[in-house]
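**Q** Now for the letters of each chain:
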Amino acid sequence: MIIRHVAARGSYRALVQNRLKQFRRFFSEVTSIEATADSSVNQLQALEGQLNSQTAFSVPTASPDTQAAPLSGSVAEQYHKFKHLEKHFGHLGSDISPHYQPHALLNNPPSPADVTLELLLAAEAHQGHLTSLWNPANARYIQGIRQGVHIISLEVTAAHLRRAAKVVQEVSRRGGLVLFVGTRDGQDRAVVKASQMAKGYHLFERWIPGSITNGQQILGKCRTKVVNEKDEEVPGFEEQLYDRPVLRPDLVVCLNPLENYVLLHECALNNIPTIGVIDTNADPTWVTYPIPANDDSIRCIQVIAGVLGRAGQAGQKQRLAAAQQGHITYRAARDLRLPEEVEEAISPEVMNKLEEGMLDDGNGLDEKLDQVRNRERSGRTLKQMD
Amino acid sequence: MGRYDFRPMRVRQTAKALFDSKRIPGLPQWYDIVGDIPPGETLARPVLRAPTPKRAKKPSRMFQPLPIRYPEDKLRSEFFGDHPWELAKPRLIVEDSGNDAKGYDWSKIVQPGKQLDGESVVQRQLWLMNNRSLSQAAAYDVARREFYKHRHLEDIRRRVAKEEALHVGAYFGKGPLEVGMELEDRTWENWKSWASKQIEDEEAQRAQMFSGPQTETEISETDFDAAIEEESVPLAKGAPPL
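Chains as they are written, first to last, in our numbering: chain Z, 19 to 404; chain Y, 689 to 930.
Honestly, I wouldn't trust all of these hints.
Stated by the list, open to error - Footprint (simulated), chain Z over chain Y, 3 or more residues, beta carbon under 8 Å:
{"#": "1", "stretch": "746-755"}
{"#": "2", "stretch": "865-875"}
To be verified - Straight line, CA to CA, 30 Å or less: simulated DSSO-like cross-link-like pairs of lysine-lysine:
{"#": "3", "chain 1": "Y", "residue 1": "796", "chain 2": "Z", "residue 2": "217"}
{"#": "4", "chain 1": "Z", "residue 1": "243", "chain 2": "Y", "residue 2": "837"}
{"#": "5", "chain 1": "Y", "residue 1": "837", "chain 2": "Y", "residue 2": "796"}
It is worth saying that the hints were derived from the structure and are not from the lab.
Every residue gets a Cβ at the ideal spot worked out from N, C-alpha and C, and that includes glycine.
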């Protein structure tokens, strides 16, 4: 019945698989891979005999070697075979272009020059919240009302995004610390990618309140390092770094300001400029550079974080290029001394992250520093015990 | 102002004030950057939206955002009013490049890369009104009939696909009619058990009220027949049988 119909159509492979499935149902014991391969080959040959007797045309025989080959080939052989097939058959089928590929926004984000209104529209950056939930301070950014929600003007979004990108680029060029924060679900990958490109720092879990205002307590045990203008670590500053206050970011980019009020307030208290994605129900006065856009759309967040990351990448490239030329784009850290403490060793070629003038030892500051260091050292051993 | 906290906006001025009063040793390194790239206007009132507002003459209402309206909206409400179940069809609203609608040519109702939808009917109707100078009703009829033809073709394809699948051995789950029948049967059985329980309760109550011997409601068939054919039993002595 079924066998004759399907064989008449010529779909030999489907028939074989169908019959093999029926035979496999009667296998009660667990057999090894070779045993199942052998038994399936035997069934195949029996089936071939049956078909040859029933149908007019002769069925091509399958040798056990061709059946067993894909199972026993090495991984390298299988990989090469796969690549060969991909090369010859991968281009077949329909081509849908330009097609939205979600991974492209993360792996290859757009740069500030690629920001167009169409890109922002496709990323749903214009979708605001219900009209009754708006913050009237955002009235300038809103184009109109559609289906009961406010629509953010995409020209405004593009202009603010380019401005924020320029700030990130300049801060990166001047060697500042940029912190990318995005604590909602699905924002972690975008935040990490942006910080990697801009050589900055990221946060996708909860911001611990007091990390800036009470930084010494919360971040005091974090390792700091001294780097030269080419971003190479310079060893020998461990003693001096131990006494230094905790680092603070020079710029904070927040992708969901509504949940991170504490972070933005701490930045305001400590005079740190901030960039934030401001939706129609968010407060634009919480950040220094608002970007009016939809913070609920992950695609929109990926576009914005990608653009800012690319800007940071460009800034870092400029900084390193200038360093290669011998021009340092930033001010050195204060109060750091060379580990050798030899004044004549400072030559024009040795360009470390130091001030030119050394600390003056005339007023007994050195002794005081030693005392402080000894006290701190005993405290340090206690700290290391927990 | 009291309610607002402008410290994030005033980072540069604060930095300068701190430096001038020698609270910090030097200006921060972003000082020049923020000076060169000033933040935009915040809390600025938008431009006058409606010079002659229809309802409210209050100034605060004149600066509120206006609704966005398109000429297609009326056509959409007409189409979906006539075909409400088209609203239940799933829609894919993800855009690819943002320029998806640029390459559409509404001289045909089916566009590559776009679902056949009420939206295509509306756009086709608008195109006919603008390019073929048909009236709104005439264009609606033309577009509507093309739409019905394509939906009919889709239905045929679906039916044939199901037949082909059944032929080569596919099996489907329960259809809506079968599921509905099962639910009805289950509800019927529940009701039957509830009803019989109610009958028992009522009979028990009745039995409590009357203290006399209880007659059995159910008797066997042979006893029933015998009771009917019992003609020889006279009602009284000497009286003829009934």
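**Q** Hints first: check each against the structure and report whether it holds.
**A** Against the structure, the hints come out as follows:
no. : hint           : result
1   : 746-755        : holds (count 5)
2   : 865-875        : violated (count 0)
3   : Y:796 to Z:217 : 52 Å, violated
4   : Z:243 to Y:837 : 72 Å, violated
5   : Y:837 to Y:796 : 13 Å, holds
The structure fails to meet hints 2, 3 and 4 from the earlier list, while all remaining hints are met.
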